[in-house]
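So the sequence lines, in the order shown, correspond to chains V and H. Per our numbering, numbering of the first sequence is gapless, rising by one per residue and ending at 301. Per our numbering, numbering of the second sequence is gapless, rising by one per residue and ending at 1345.
Source of the hints: derived by calculation from the structure; they are not laboratory data. Don't be surprised by glycine CBs; every beta carbon is placed ideally from N, CA and C. There could be a bad hint or two in this list.
[Stated by the list, open to error] Simulated coverage check for chain V against chain H, where a stretch passes if three residues somewhere in it have a Cβ under 8 Å from a Cβ of chain H: (1) 156-165; (2) 198-208.
[To be verified] FRET-style restraints, in silico, Cβ to Cβ: (3) H:Ala1169 - V:Phe144: 28 to 38 Å; (4) V:Ala249 - H:Ser1134: 35 to 45 Å; (5) V:Pro199 - H:Thr1281: 49 to 59 Å; (6) V:Leu289 - H:Glu1201: 24 to 34 Å; (7) V:Ile92 - H:Ser1134: 30 to 40 Å; (8) H:Arg1299 - V:Phe9: 26 to 36 Å; (9) V:Lys102 - H:Val1111: 25 to 35 Å.
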Amino acid sequence: MLNKLSTYFYQRPRLVLFLFLAPPLLYMLVVYLGSLFLLLINSFYYIDDFSGLIIREFTLRTYAQIFSPANREIFARTATMAFFVTITSAIISFPLAYYIAKYASRRLKTWLLIGVTIPLWSSYLVRVYSWKLILAQEGILSYFINLFGLNGVLQWILSFESIGGSSLALSPLGMFIVFVYIWLPYMIIPVQTALERVPNSLVEAASDLGAKPLQTFRTVILPMAFPGVIAGSIFTFSLTLGDFIIPLAVGNSKFFIGQAVYSYQGTAGNIPLAAAMTMGPVVIMIIYLLIARRLGAFDAL
Amino acid sequence: MTNHPSTPAVQFNKVNRYFGEVKAVDEVDLEIRDGEFFAMLGPSGSGKTTCLRMIAGFDRPTGGSIYLYGQDVSNLPPYERSVNTVFQDYALFPHMNVGDNIAYGLMVKKVPKPERKKRVDEMLDLVQLKGFDSRKPSQLSGGQRQRVALARALINHPKVLLLDEPLGALDLKLRQQMQVELKAIQQRVGITFIFVTHDQEEAITMSDRIAVFNHGKIEQIGSPSEIYEKPATTFVAGFVGTSNLIGGELAKRLTGSDQTFSIRPEKIHVSTTEKTTTIDTITLDGVVRDVVYLGLYTRYLVEADGVDIVVIEQNLKTTSMDVVSAKGQKVRLSWHKDHISRIGA
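Isolated chain H, as found in the complex (with noise of 0.2 Å):
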C-alpha cells in the first residue's frame, strides 16, 4: 500500500478547530488513501471524533483544508459530500421502520420506489437482515440496530464511509464477531473505511493503518504492527498495549544511550537460573515484586534498578508456576536487543 499513486481519499492540510480557547483539533495533517480501512485512535478529548465530525461536515475546521479525493470540502454542507456516517447511537429514526430507514438517502434523492426496494433489499442482504424491513428500529438488538445503520450508510454508495466508535455500545462477544463482518464487508463494498475508537485492541485487529491521537495532534500514522513494535512517542507506547519505559542511567547501561527506550512485557524472559546468554542478549537482575497468574500467561512485576517492569510469560508449561512462584525472588530477565526500540527512533 505505500507510495499509492491516486489522490487520497481523504486529506487534511494543516487543520484546526478551537472550541473557544479549547484546540479540540491543533495543525493536523493527514493523508488517508484509498480504499483503506483507517483507525483514528485515542483516549477522549483527543480530537479523533472532531476529526470525523468535520470529515462529515457537521463540524468545519476553525483553519487549514479538507480535501475529499481532490475536491476542497473545508465548507461544503453534510449533504453535499459523498460522505456517510454509522453513528455510535446508531441514529436510526424511530419513526420509520427498517426499510424505511436503509431507504432514506435514496428517498430524500427521490430515486424512483422500484429501485429504492431493490436496492434496500441488496443491503438487507449484505447486513444478513433479510425480512427486517418492516420492522421498527426499537425491535431490534444492539448488534440489529448496527447493521442498519451500516446499511441506510452503505446504500448510497458513498466514497468513504465514517464510523463513530462503531463497536462501542455492544458486548465483547458480538463485538468480536462484528470486527470480523465488518472488515469483511469493507474487502466486499471496496471503499475507504475511517473508524474511530478508543479501544487499541480494535484499532489494532481490524485496520490497514492507525491515527494515534492525543491533545489534538497525531502523535503517530502508521500499521498496526509499526504502532506497536516502534511507537514513536511515549504516549504511543503507553496507551497502544502495555510497555516499560527505560530511560535515563538505567538506559545508558542497557543500550549506550540515555534517550527512552520502550520495550514490550511479552518480549522479556524471567528466569531464576543464570542462563548462558549471546552476544544479542540484554540481560538485567531484579527482585519479583508482585505474580499474577491469568490463565493464558503470568504477569510479573519486577523491581530493577529502582524502575518497575512488567513481564509476561506464556504458561507453556504447567511447571512454569515453578519457575517463579515467590514475591521477593531474585530473578534476571533476558531479551533481545531488537526487541528494545529508542522512542521516536
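In isolation and in its complexed conformation, chain V is listed as follows (with noise of 0.2 Å):
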C-alpha cells in the first residue's frame, strides 16, 4: 500500500512540488503579502477630521498629509539615525567579524559566535530597559564618567541641540547607543559570513604582490566583503527605520516613524494616516533592496 504511494507519486513529481509548496505560499500570499495589501489599501482612505470615522473611498490625501512639515521632520530624523546606526555597526562590526573568521580557533569562534548571538536570546524589552538604567542620570555609564572626570566633556556633548538632553538617557545620543548595540550582532553575522568565504590565499596573494596591508583591505578584503556588510545593513536600516520601542524608552519627546504610526493606529484611532506612515519605510527598503541587489548583497545572506 504505502510501496504504491510511493510509487504514484514518485511518476508525478509536480503533485509532490504542489503539495509541498501549497501550504507556505498560500500563508505568504494571505497572511504576508494580504495584510501588506489591505495596509496599501488603508493609507488611501482617510479619516473625518469632525467625526472621526473612517471614510472608505479613494483619495491621497492622507499622503498629502505624511508631507506636512511635522511628519517630513519624522521621517528624516528617523533616516538619519537608521544611517548613522548601519554606518557604525559597520564600523564596529567589521575588526570583530574578520577576528571571528580568520584568527580565531574553532573553538574560541564558537564561543564568540554564542557570545554574538546570546543577547538575541533574552527579552528586547529587558535589554532596552537596562540600558535606560545604564545610561540614566545616576546609572553605571555616569558613574564611571565622573570616575575619570570626564562630566565635563559629558555635559558638552549633551549641550549639543541635536544629538544631546538632560542625560544620556534622555538624548538622541543615548538612542544612537542602543540602537547599535541591539541591531549590532544582525551586522556581525552577514559580515563574518562573507569574511569566512574570502580564502586566505588571496590576502596572501595581496600581499605577496607588494600591498602594504591598508592596500590589501582596501582593494581585496573590502571590496570582497562588502555584500556581506550590505547585507547586513538591510537589517540595521530596515529595523532601525521601523522601530519604536527604543525611541519611547530612551531619547526625548521628538517621534520617530514607529512611534508616529504607533500612536496613529492607537489613541488617535488614524488607521489611514498609519498606513501611510507605514508604507513610506516599505518604499525606502525596496529601494534599499533593489540597491544592494545590485551590489550583490544577496550572495552573502
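These two chains come separately, so use the hints to put the complex back together.
Structure, rendered in C-alpha cells:
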C-alpha cells in the first residue's frame, strides 16, 4: 500500500512539488502580502476630522498629510538615525567579524559566535530598559564618567541640541547607543560569513604582490566583504527605521516613524495615516533592496 | 652549474619552523643558485610548502635565517621581498578582471596607467593570453587561470618566483604541456624558479636540481639523474621512482657488503635461459610471482631468496610474452654491477 503510494508520487513529481509548496505559499500570500495589501488600501482612505470615522473612499489626501513639515521631520530624523546606526554598526562589526572569521581558533570561534548571538535570546524589552538604567543620570555609565573626571565632556556633548538632552537616557545620542547595541549582531553575522568566504590565499597574494596591509584591506578584503556589509545594513537600517520601543524608552519627546505610526493607529484612531506612514519605510526599503541586489548583497545572506 | 661563483638566490641557514610541538621544518640548510629551476619534492607534511611559505614571507622561521641574494629576509613582510608566488589555487582576485589582476602589483606600487597597460600586454603575450584582459577569472579554464597567475607574478620582475604545486589542479595532458611551457618561460625570463611538488615525475622533468624533503628535513639535494641513479637514503630510493632495496645476507652475497643497496626495476633483465655472463654481471635466481602486461612494458614480480624484486622489461619484441608468461616459472635475473648503488654512497 505504502509502496504503491510512493510509486504514485514518484511518477508525479509536479504533484509532490505542489503539495509541499502550497501551504507555505498560501500563508505567504494571505498573511504576508495580504496584510501588506490591506495596509496599502487603508492608506488611500481618510479620516473624517469631525466624526473621527474612517471614510472608505479613494483619496490621496492622507498621503498629502505625511508630507506636512512635522511628518517630514519625523522621516528625516528616523532615516538619519538609521543611517548613522548602520554606518557605526558596520565599522564596529568589521574588526570583530574579521577576527572571528580569520584568526580565532575553532573553539574560540564557537564561543565568540555564541557571545554575539546570546543577547538575541533574551527579551528585547529587558535589554532596552537595562540600557535606560545604564544611561540614566545616576546610572553606571555616569558613575564611570565621573570616576574619570569626564563629566564636563559629557555635559558639553549633551549641550548640543541635535544629539543631546538632560541626560544620556533622554537624548538622541543615548538612543543611538542603544540602537547600535541592539542591532549589532545582525551586522556581525553577515559580515563574518562574507569574510569567511574570502580565501586566505587572496590576502596572501595581495601582500605577495606588494600591497601593504591597508592596501590589501582596501583593494581585496573590503570589496569582497562588501556584499556582507550590505546584507547586514539591510537589517540594521530597516529595523531602526521601524522600531518604536527604543525611541519611546530612551530619548526625548521627538517622534520617530514607528512611534508616529503607533500613536496614529492607537489613541488617535487614524488608521489611514498610520498606514500611509508605514508605506514610507516600505518604499525606502524596496529601493534599498533593489540597490543592494545590484551590489550582490543577496549572495552573502 | 657546479661551484657557481655568485651569491645564492636563496639560502637557508639552520632554519626551523615549529607548529606547537610539530617540527614542520627541522634544521634545514639549503642553497638555491641564481637562475636555477629548483624543485622541492616530498610527500604532504614533509615541510616543503612551509619552506616555500617562509621564502615568500607568509610564515616566519622559529629559528635560523633565510637569505635572499645575501640579504637576511627572515623577518621581512611579504610586501617587502622581491619574491612572487604562483599559488596552488591561483588566488586570482575574483572581483577584478584579468588585466587588473595582472596589473595588481604595479597598481599598488602606483606605476602610471600607460606603463601598466604596456606591461600587462607584454605579460599577456608571454603567457599567450592576448585579448583576455577584460575577462573575469571565473570565465577562464584551469590552464588559463594558471597562466594569469603566472603573468601576475612575473610582471613585478621578481628576483625569485615561487610556485606552489603549480600544475596540481590540471589534467594530465594540460599538465604535460604546461611543464614544457613553464620551463620555456623560465629560460626566457631568466629568473630563479622554485617550485613545490609531490609529483616526482614532474620534479625530474622540469628541474635543474631537486631537494627531497621528508619529515621536515632534506634527505638529498641533487640533479634529477643524481637523485634517481644514486639515491642517498632508502626514502629517496622509494619516493623517487620505484626501487628494489637489497640488504643483509643477500646484499653480502651479491656485493660483498651487507649495507643496503638500491637497484631500479628497469636495470634488471629477466631470462629463462642461462645466458653466458661477463665478469661485470650480477645474477640472481628466483621464481616469478606475478606478471602484469602494461603495453609499453611488462612488470614482473620475482621472489629471490625471500625478497620480492620488481623488474620492468620493455616490450621490444612482440615475442617478449614468450620469454616469461607463467607464474611460478624459474627465472634468472641479471644486471650490470654498476647499476646497483649503495644507499648513501
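How the hints compare with the structure:
no.	hint	in the structure
1	156-165	violated (count 0)
2	198-208	holds (count 8)
3	H:Ala1169 - V:Phe144: 28 to 38 Å	violated (56 Å)
4	V:Ala249 - H:Ser1134: 35 to 45 Å	violated (54 Å)
5	V:Pro199 - H:Thr1281: 49 to 59 Å	holds (57 Å)
6	V:Leu289 - H:Glu1201: 24 to 34 Å	violated (54 Å)
7	V:Ile92 - H:Ser1134: 30 to 40 Å	holds (38 Å)
8	H:Arg1299 - V:Phe9: 26 to 36 Å	violated (54 Å)
9	V:Lys102 - H:Val1111: 25 to 35 Å	holds (29 Å)
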